Amino acid sequence: MERWWQLLLGLWTVAPIWAGDKLLNVCMNTKHHKQKPGPEDKLYEECIPWKDNACCTASTSWEAHLDVSLLYNFSLIHCGLMMPGCEKHFNQAVCFYECSPNLGPWIQKMDLSGPGERILDVPLCQEDCEEWWEDCRTSYTCKSNWHSDWDWSRGKNRCPRRAVCHPFPHYFPTPADLCEKIWNNSFKASPERRNSGLCLQKWFEPAQDNPNVAVAHHFASTAPPWEISYTLLAFTLFLSFLS
Amino acid sequence: MGPQVALLVGALAGCLLPARGCLMCDQRVVEALDSLDKEYLPTHMAPERHKEVMETIRHTVRNFWDLPYSEDTFMGVIDEATMETSVLGFLRSVRLTTNSGIADDTFVKEFSWMLTLEKAAFQRNVARFQREAFCPNKCGTMLQPLIWCSNCKKELHVCRKPYDCGVRHVNVHEKEDMILDCELNWHKLSEGLTNYSFYRVWGSNSETLVYEGKQPTLTKLLVSPEDAGTYRCELGTVRSGPATIIHFQVTVLPQRIIAKTMPMSSTFATRAKAEEEIGVDLSPTQEPSECSKPESVQRGRLIGLLIWCFLLLIIGFVTGVLFFRYGMMVDSINSWFGTDKAAAAQD
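Chains as they are written, first to last, in numbering that gives the first Met the number 0: chain A, 0 to 242; chain B, 0 to 346.
No lab work stands behind these hints, which were simulated from the structure alone. Careful: at least some of the hints might be erroneous.
Stated by the list, open to error - Here are the simulated lysine-lysine pairs, BS3-like style, with alpha carbons at most 27 Å apart:
#1 Lys87/A <-> Lys180/A
#2 Lys41/A <-> Lys160/B
#3 Lys153/B <-> Lys87/A
Note that the structure is predicted; figures quoted are calculated from it, not measured.
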């Protein structure tokens with residue numbers, strides 16, 4: 000009987016690490032992502048940093064840069080043209096979302112029945128949110144939550160009737176508001192700074208290695224894989240009753 | 000605490016209000032309005048109304064760009080040319096109004112009306128720009144310098160259209176010259192462009208660089224069948240992606256042969272061609288004689304001349320003979336008459 004206990008205890012400690020590996024170097028299950036991450040030599044502009052290991056194809060990387068992205072028919076120009084400095088951050092964010100193989104710990108199922116997946120509360124470094132907010136101060140938008148309430152009557156989103164175009168700070172008073180409400184809490188504004196190992200960068204210099212690999216590793220190993228834990232607990236209790 | 004809050008509110012308000020408005024980005028417009036404020040109105044408007052009128056005018060001009068956003072009419076940006084047209088039109092209208100020397104209520108009415116017309120003109124200019132000059136490229140990437148009306152900043156907008164600019168099919172005869180032209184009409188309007196590069200494409204994954212430089216055309220003289228195949232031209236930018244990619248599918252057709260028949264016709268052909276090249280305008284009557292210039296003509300003329308001489312000779316001879324004969328005939332007739340008369344006289 001003791002053997003069983005030891006085995007279960009061993010499993011209990013191993014399980015989190017084993018489950019954690021499944022969260023590393025993976026791609027989301029969506030229409031545009033690849034099945035598995037791999038090298039891509041023809042990525043476009045802001046997506047180039049992920050060339051060594053990417054979840055996006057060359058054509059996806061190109062489409063990520065369009066004013067009205069073909070990926071989601073979402074128009075960034077709903078209040079006129081964005082300043083180039085602001086547009087750059089959005090392109091980087093879409094590239095991060097489409098190309099990064101390090102989002103595993105934050106992938107969630109969209110709904111329990113369907114196959115689609117999304118990310119939730121990916122912790123972006125403080126500098127990332129701040130620079131994004133700062134460079135978009137002179138660009139315009141008309142809503143504080145971009146997730147819903149758009150006028151889709153003409154194929155791409157337009158400002159709803161009574162929504163007036165104002166500079167970004169009017170609808171996103173702080174950098175955290177921008178990061179979190181742009182895509183329905185896909186991102187979270189982390190208080191951590193870059194190189195702390197506790198937050199992800201939405202973009203990095205192509206010459207440097209992907210700094211998000213280590214961060215994903217950290218979050219993957221500490222994440223409690225609750226399904227496995229509870230199963231083991233139930234099994235252990237069951238066995239304890241038996242013996 | 001107090002002044003800091005006020006500053007914050009002021010800063011926020013600055014962010015919220017439409018800051019400059021398109022026309023006000025131009026220094027000449029600002030100066031014209033200042034001159035109106037400091038020079039014209041003090042002498043043409045009651046002091047108590049001066050400030051209010053001036054503020055209304057400034058507010059109206061600042062709001063010229065308060066137009067609905069739509070990809071057909073206005074996207075918050077204009078180019079240098081549209082700005083220039085609009086500014087000059089506006090200044091002209093202001094000058095006309097101030098030159099008339101009107102004052103007080105008349106001034107307010109006329110100036111308001113002028114501003115209404117100018118705003119409509121501005122709207123038209125902007126719509127025309129949006130339709131015709133905004134991102135004129137139909138493919139590839141163009142870097143267009145634009146002015147943002149919200150903050151008067153002039154920056155490069157990246158106009159991204161469908162990535163590939165297509166395939167051109169080029170047919171060239173052997174031993175003639177092949178010219179591949181990579182230039183599109185918007186290339187001269189774009190900024191941030193670097194070099195044209197031409198590659199020879201072999202199979203699916205390998206290419207060799209044939210030319211790189213500022214020239215948009217690749218010329219190959221006296222092509223041979225080995226030059227047929229696929230070529231790719233690429234126009235680079237200062238950013239990472241290319242501005243234009245065009246593929247050329249080159250087919251080398253058999254050599255053109257110019258037909259060689261009789262010498263006359265060939266000389267005719269060369270002469271006619273020579274005349275074409277020089278551009279001499281020949282009248283149709285001249286041509287036949289021009290065509291038959293050489294010895295054959297002269298020979299013909301000589302023969303004709305000879306024939307004529309001969310004929311003349313014959314005629315002369317016949318005439319001479321006739322005269323002679325005639326003379327003889329006359330004599331004989333005379334003598335016959337004479338004998339007759341003599342016979343008659345004898346009876």
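Query raised in the report: Which numbered conditions among the earlier hints are violated in the structure presented, ordered from lowest to highest?
Result: none
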